[in-house]
Amino acid sequence: MSVTSKIPSGVELRKLLSSRSIERVVILGANGTMGYGSGALFTQAVPHVTFLARSKAKADEGLAEAISQVRSPTVASRVETGDYDSDLDAAVSKADLIFEALTEDFAIKKQMFDRVEKVRRDDSIIATVTSGLSINELCEGRNDSFRRNFLGLHFFNPPNVIVGTELIAGSDTDPALVDFIDAFARLRLGREMIRTSDTPAFAGNRVGFKVLNEAAQLAEQISPLLVDKIVGPYTGRAMTPLATIDLVGWDIHRAIVDNVFEKTDDEAHATLELPAYMAKLMEQGVLGNKTGGGFFKKDGKTRLVLDPATGNYQAEADVKLPKMEYVDDIAHLYGQARYREGMQLFLGAEGDEAELARKVIAGYVSYAFHRVGEATETLDGIDRIMGTGFNWAPPGVLVDTMGARAAVNMIEKAGLPVPDALTEAVKNGREDGFFDAPHINTGKFFVAG
Amino acid sequence: MAATPEVYVLGGYQTDFARNWTKEQKHFSALMRESVLGGLQSCEIAPEEVQSAHVGNFAAELYCMQGHLGAFFTEVDPAFSGLPTSRHEAACASGSIALLAASAEIEAGRYDLQAVVGIEQMKTVSASEGGAFLGTAAWYAEEADGIEFPFPKLFGRLGDEYDARYGLKDEHLAELSKINYANAKLNPNAQTRTWYMNKEHALCRTDDNAAVGGRIRIADCSQVTDGAVCVFLASREYAERYAKGRGLKLSQIPRIKGWGHNTARLRFSDKVAESRGNEFVLPHVRSTVVSAMERAGIADVNGIDGIETHDCFTTSEYMAIDHFGITKPGESWKAIEAGWLEIDGKHPINPSGGLIGAGHPVGATGTRQLLDAYLQVTGQAGAYQVEGAKNFQTLNIGGSGTTSCSFVVGV
Chain A
1083 MSVTSKIPSG VELRKLLSSR SIERVVILGA NGTMGYGSGA LFTQAVPHVT FLARSKAKAD
1143 EGLAEAISQV RSPTVASRVE TGDYDSDLDA AVSKADLIFE ALTEDFAIKK QMFDRVEKVR
1203 RDDSIIATVT SGLSINELCE GRNDSFRRNF LGLHFFNPPN VIVGTELIAG SDTDPALVDF
1263 IDAFARLRLG REMIRTSDTP AFAGNRVGFK VLNEAAQLAE QISPLLVDKI VGPYTGRAMT
1323 PLATIDLVGW DIHRAIVDNV FEKTDDEAHA TLELPAYMAK LMEQGVLGNK TGGGFFKKDG
1383 KTRLVLDPAT GNYQAEADVK LPKMEYVDDI AHLYGQARYR EGMQLFLGAE GDEAELARKV
1443 IAGYVSYAFH RVGEATETLD GIDRIMGTGF NWAPPGVLVD TMGARAAVNM IEKAGLPVPD
1503 ALTEAVKNGR EDGFFDAPHI NTGKFFVAG
Chain B
2 MAATPEVYVL GGYQTDFARN WTKEQKHFSA LMRESVLGGL QSCEIAPEEV QSAHVGNFAA
62 ELYCMQGHLG AFFTEVDPAF SGLPTSRHEA ACASGSIALL AASAEIEAGR YDLQAVVGIE
122 QMKTVSASEG GAFLGTAAWY AEEADGIEFP FPKLFGRLGD EYDARYGLKD EHLAELSKIN
182 YANAKLNPNA QTRTWYMNKE HALCRTDDNA AVGGRIRIAD CSQVTDGAVC VFLASREYAE
242 RYAKGRGLKL SQIPRIKGWG HNTARLRFSD KVAESRGNEF VLPHVRSTVV SAMERAGIAD
302 VNGIDGIETH DCFTTSEYMA IDHFGITKPG ESWKAIEAGW LEIDGKHPIN PSGGLIGAGH
362 PVGATGTRQL LDAYLQVTGQ AGAYQVEGAK NFQTLNIGGS GTTSCSFVVG V
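Here the protein sequences line up with chains A and B, keeping their order.
Going by this note's numbering, the residue at position 197 of the first sequence is 1279; the numbering climbs one at a time, nothing skipped.
Going by this note's numbering, the residue at position 66 of the second sequence is 67; the numbering climbs one at a time, nothing skipped.
Hints may contain errors.
[Stated by the list, open to error] In silico EDC-like pairs for lysine to aspartate or glutamate, Cα to Cα no more than 16 Å straight-line:
#, chain 1, residue 1, chain 2, residue 2
1, B, LYS154, B, GLU144
2, A, LYS1097, B, GLU144
3, A, LYS1097, B, GLU388
[As the list claims (entries may be wrong)] Partial chain A-side listing against chain B, Cβ under 10 Å, derived:
#, residue
4, GLY1092
5, VAL1152
6, VAL1157
7, ASN1242
8, VAL1245
9, ARG1268
10, LEU1271
11, GLU1274
12, PRO1315
13, TYR1416
14, GLN1418
15, LYS1526
16, PHE1528
Note that these hints are calculated values from the structure, not bench results.
Note that beta-carbon positions come from the ideal geometry of N, C-alpha and C, so glycine has one too.
Produce the complete structure using the sequences and hints provided.
Structure (structure tokens):
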């Protein structure tokens, strides 16, 4: 695995960028969210972008979405649209970069790569935006030039807003190509690039969806409203966990956690099992915001909250929440950028809710630290993708803010495995300095809400 | 006459200008606190060592219902209680005026280590209300009262004046916008780093790029920004100790080699009337730039490796190109067409993205420019680094070219 934990200088990046050029990009699956979102991004930097879909009408819909997403009609001046049957061969044969953004289904992607392999130029780049399928498996059986030029380029949704991007090389990917794409994406697309290994769900979704799923599991014991309150902004995230699952879509959530659950057997395996109530409700068509509701939904101006046991909803105002004054006190401190003091209050807060919240946060820190060496080579990679892909306080930031000893105590009390790096740090008297990305403001993660 | 004592720049910290502190539900004091603590940490300076603090800010009374900003510095750390502090205001040049005051105190031998904070929280009000607040940087009763977004209109008139004297094409202004946005993508603290922009968009004439003041369209404007920047200035004595403690040579610590400061008439029409017959549209801006170069012992712009200039609008950047002497007066377009202004060009301008790309928290802009100059000449500018930069110059303007400040920072 090739990992860059330090960002190369602009001079080095520009040298890499000059090694080849990207003039023509083809987007496969241009009518999907990731397809048109990424397609719009490319039109800022590349003169010719072709949007392809099952039909030209679908590709046109993708173009319209792209224009609306970035609010610029000029996207159209660089885009051609077409369908797979009539236009794929010609477009792919001319393309410098083929960007695959089809539905997250191994067989469908494989079928498309059969077609691409036949008509692409030997030197064209093939990138997949898969959020979790194996890069090596996706190019298995392909010819040498395909495998050498194939990589994962995982944008997060929406790509024009979220800059965190995972770059995943396969075992045969040309290392020089990986460096070039890294430079291209940083300089031309404004991406924060994080190199990850080809492990299930890579780094961001592996860690992020573990926490989201644990929150969904908690919703079997306490109201979703309370779950989102206790693991809310004051714990270092702008959007609360269950609201995030609603936004992502329950079906996407399921695809990611099922994949990780099936392909891994780590120390937190149980937290990755999809709750049974979610599977049951999905059969009834509950998929989150895209179907009008999930954990939460709107009835006019009233926000309704799901009862996972029954599948019924009740008005938010009717859900009785326990008093959690400590949350307000922490928010007050955050309002003045007193993050360390706020975190000390969090660590010392009494009550079942505070205990539960600390368990989730302890799980996040412990799980992330244990993925170092597996999903990314250093903690820096996981930290940066959690900060720039999920907009969550990275685990290293949380440890720095609470202190290593306090973090260890929290993890031990939660009955979770303490990462060696933290045990070692405490032994050596090192309390902070885990977060290693000074270009990222850490205060922005602690929202005073 | 004895040589003027040297003023060294030790570095500092910039908040992410894409942040919306009102949305984060944070008080003005949080912005101050993060920038100062960030600066202390990145420069490895203990709070006890700071001897004085200067705060540059334009209009916290209007945006945040808060004055007495020098006093807020003491809230950051208990060690700051009792410190001499002050606040400086000169519209969008407030940050530079704070820097000038701090550096003058070092030159006078009063203090060895000064903190300078430029700060503005602007997203507390609607765009139109904020536009009216900004109008107080002009002669409000005569140039802004009752006018929606007065400043785009004033800088639209700057473009009109260029057009009348020398000719001006929209495509050249669009190219400036494109470069600033492209550079901003390289800057992790730039406000617009995720925004969509290319030359076609800058030139498009739809509601997505609506006109806001004559020839000025949205793509020509810097944006409403929240942000703060803290930098530390030091005497030679302190800088020597600082360098020694870090295994550096004193010559590796950048200095403020030169500065310029001028104030022209407040009303734009008076400035233009005064400049009739002068080859420069804003002669006071020109003399500010030249003063800074002269004090730095640099003959002309060819001795400057890069510029951070005040592009509150594309027209102000267009003006800066010939006022820096990159081209003859009225020929700024030649530098644009030749590609000289890009990061790898002959005269890079605003590699950070400038005000249009990086953002324009009014009172913080001058300090942000100085910090970027420091980053460039110490090779720490990351993806927007100008190769081999040794001398960088800033230009910070308050009002419609009214208060002008410039620094040359170099090693």
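Hints, one by one, checked against the model:
| no. | hint | result |
| --- | --- | --- |
| 1 | LYS154(B) <-> GLU144(B) | 10 Å, holds |
| 2 | LYS1097(A) <-> GLU144(B) | 49 Å, violated |
| 3 | LYS1097(A) <-> GLU388(B) | 11 Å, holds |
| 4 | GLY1092 | 4 Å, holds |
| 5 | VAL1152 | 4 Å, holds |
| 6 | VAL1157 | 8 Å, holds |
| 7 | ASN1242 | 6 Å, holds |
| 8 | VAL1245 | 6 Å, holds |
| 9 | ARG1268 | 6 Å, holds |
| 10 | LEU1271 | 7 Å, holds |
| 11 | GLU1274 | 7 Å, holds |
| 12 | PRO1315 | 9 Å, holds |
| 13 | TYR1416 | 7 Å, holds |
| 14 | GLN1418 | 5 Å, holds |
| 15 | LYS1526 | 5 Å, holds |
| 16 | PHE1528 | 8 Å, holds |
The structure does not agree with numbered hint 2 stated previously, though it agrees with all others.
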